Structures are given as C-alpha cells and as structure tokens.
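Start from the sequences and build out the full structure, keeping to the hints where you can.
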Amino acid sequence: MSSARWWRRYFLRRQEKNKSRIILGIDPGSIVCGYGIIKRVHPEQLGINSNTDTVYVASGRIMLPSKQPLDVRLKELYANLADIIREYSPHEVAIEKVFFAKSIKAALVLGQARGAALVVAASSGLPVYEYSALEVKKAVVGYGRAEKHQVQSMVSKILNLKTKLS
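Per the numbering used here, the sequence shown starts with residue 1, numbered consecutively.
Hints listed in this document are in silico derivations from the structure and should not be mistaken for laboratory results. Here the structure is a predicted model, which is why all the values come from computation and not from measurement. C-beta: ideal position from N, C-alpha, C; glycine also. Be a bit skeptical, because a hint or two may be false.
Said to hold, decoys possible - Listed below are the simulated DSBU-like cross-link pairs for lysine-lysine, each with C-alpha atoms no more than 35 Å apart in a straight line:
| # | residue 1 | residue 2 |
| --- | --- | --- |
| 1 | K19 | K105 |
| 2 | K105 | K162 |
| 3 | K162 | K137 |
| 4 | K148 | K97 |
| 5 | K67 | K19 |
| 6 | K148 | K137 |
| 7 | K67 | K137 |
| 8 | K75 | K137 |
| 9 | K19 | K102 |
| 10 | K75 | K102 |
| 11 | K138 | K157 |
| 12 | K39 | K75 |
| 13 | K148 | K105 |
| 14 | K148 | K164 |
To be verified - Ranges between beta-carbon positions, derived for each pair:
| # | residue 1 | residue 2 | range |
| --- | --- | --- | --- |
| 15 | K148 | G125 | 29 to 37 Å |
| 16 | G125 | S20 | 17 to 25 Å |
| 17 | Q68 | N160 | 33 to 41 Å |
| 18 | S153 | S89 | 28 to 36 Å |
| 19 | G144 | A82 | 29 to 37 Å |
| 20 | S103 | G125 | 15 to 23 Å |
| 21 | S20 | V128 | 18 to 26 Å |
| 22 | K164 | S123 | 32 to 40 Å |
| 23 | S66 | G115 | 33 to 41 Å |
Listed below in structure tokens is the structure:
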C-alpha cells in the first residue's frame with residue numbers, strides 16, 4: 001500500500017474516531033411527546049476505560065394541554081421541539097414510526113404529531129431516521145416484543161444511568 005493511501009485511510013479513520021454525534025430521539029404524541037438526547041463518542045474521548053460509546057445528555061416529556069385544539073397543540077409541539085434542537089444542536093433525529101393505534105382517529109392525530117416533528121427536523125436541516133417500536137426494542141433488548149420495563153432497564157444499563165427512567 002502506498003504511503004499516500006495509508007495516510008488517507010489512517011486520517012479518515014482517525015477523523016471518524018474523534019467525531020462525536022448528537023442524536024435526538026422523538027416518541028411523538030399529541031398530548032405527551034417524549035424525547036431523549038444521546039451523544040455517540042469514541043470511548044477514548046471519555047477519558048476513561050469505557051465499554052460504551054453512548055452518553056446520556058438529556059431527556060424529557062413535552063406535555064401538551066389536552067383541552068386545547070389540535071392545531072394549537074401541534075404548534076406548541078413544533079415550538080418546543082425547535083427549542084430543543086436549538087439548545088442541543090443534534091446532528092440527526094430518530095423518530096418512532098406509527099405502528100399501532102387504538103382507533104383510526106388516534107392514528108390520524110398521532111400521524112399529525114409525527115408530521116410536526118418531521119417538519120421541525122427538516123426545517124432545521126437534520127437528517128431523519130424512522131424506526132418502528134419493534135425495531136427499537138430488538139436493537140436495545142434483543143427481542144422485538146420486549147416489555148417497557150425491559151427496555152427501560154437496558155437503556156439505563158447502556159447509558160450507565162444511576163436513576164430510573166420513566
């Protein structure tokens with residue numbers, strides 16, 4: 001291998017190794033919208049001997065008043081997500097796909113909340129990746145039909161959290 005090719009491969013690997021990515025995950029809802037922010041880093045960047053490359057940054061819920069008309073809630077959801085994006089400057093967004101809803105009306109409303117989240121991400125120029133709940137559960141727990149408490153437990157372990165997630 002020529003020294004130029006070796007250097008290019010080494011430099012690109014080194015660049016990738018030192019690059020960190022902030023990811024905003026959104027669990028959309030028209031009354032409660034959950035979000036979580038993680039940072040993917042190389043373990044060497046943590047300054048410790050770590051077995052994980054994922055660091056917890058923040059999480060929370062956007063509570064939308066159920067008595068308000070849907071258009072007002074969607075506007076508030078958009079504004080809150082825009083504030084979160086401005087504050088944390090994520091590099092990409094992961095959002096849950098609609099897989100199941102109690103009724104057609106619930107599916108439509110959830111779809112509109114997803115739409116607001118997709119628009120705010122697109123307006124911010126962020127790439128969006130969509131995952132079903134089954135895909136997320138399988139990636140985190142190893143089983144697509146895992147219970148919520150199992151997912152919470154694994155996320156806490158992966159992110160080395162001391163407090164319990166809700």
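Quiz item: Hey, K75 versus K137, does the alpha-carbon distance stay inside 35 Å?
Solution: holds, 30 Å
Quiz item: Do the beta carbons of K148 and G125 sit within 29 to 37 Å of each other?
Solution: holds, 33 Å
Quiz item: If you check the beta carbons of S153 and S89, does the distance land in 28 to 36 Å?
Solution: holds, 30 Å
Quiz item: Given the hinted pair K39 and K75, is their alpha-carbon gap at most 35 Å?
Solution: Measuring from Cα to Cα gives roughly 28 Å; hence the hint holds.
Exercise. Take a look at whether the Cβ-Cβ distance between S20 and V128 falls inside 18 to 26 Å.
Key: Check passed, 20 Å falls within 18 to 26 Å.
Quiz item: Does the hinted range 15 to 23 Å hold for S103 and G125 at CB?
Solution: violated, 35 Å
Exercise. Given the hint that K19 pairs with K102, test it: the Cα-Cα distance must not exceed 35 Å.
Key: violated, 42 Å
Quiz item: When you check the alpha-carbon spacing of K162 and K137, does it fall within 35 Å?
Solution: holds, 21 Å
Quiz item: For the pair supplied as a hint, K105 and K162, is the alpha-carbon distance within the 35 Å limit?
Solution: With Cα atoms ~39 Å apart, K105 and K162 exceed 35 Å; violated.
Quiz item: Are the Cα positions of K67 and K19 separated by 35 Å at most?
Solution: violated, 44 Å
Quiz prompt | C-beta pair K164, S123: status relative to the range 32 to 40 Å that was hinted | solution = holds, 34 Å
Quiz item: At the C-beta level, are G144 and A82 separated by a distance inside 29 to 37 Å?
Solution: holds, 32 Å
In terms of the numbered hints stated before, the structure departs from hints 1, 2, 5, 9, 20, 23, listed from lowest to highest.
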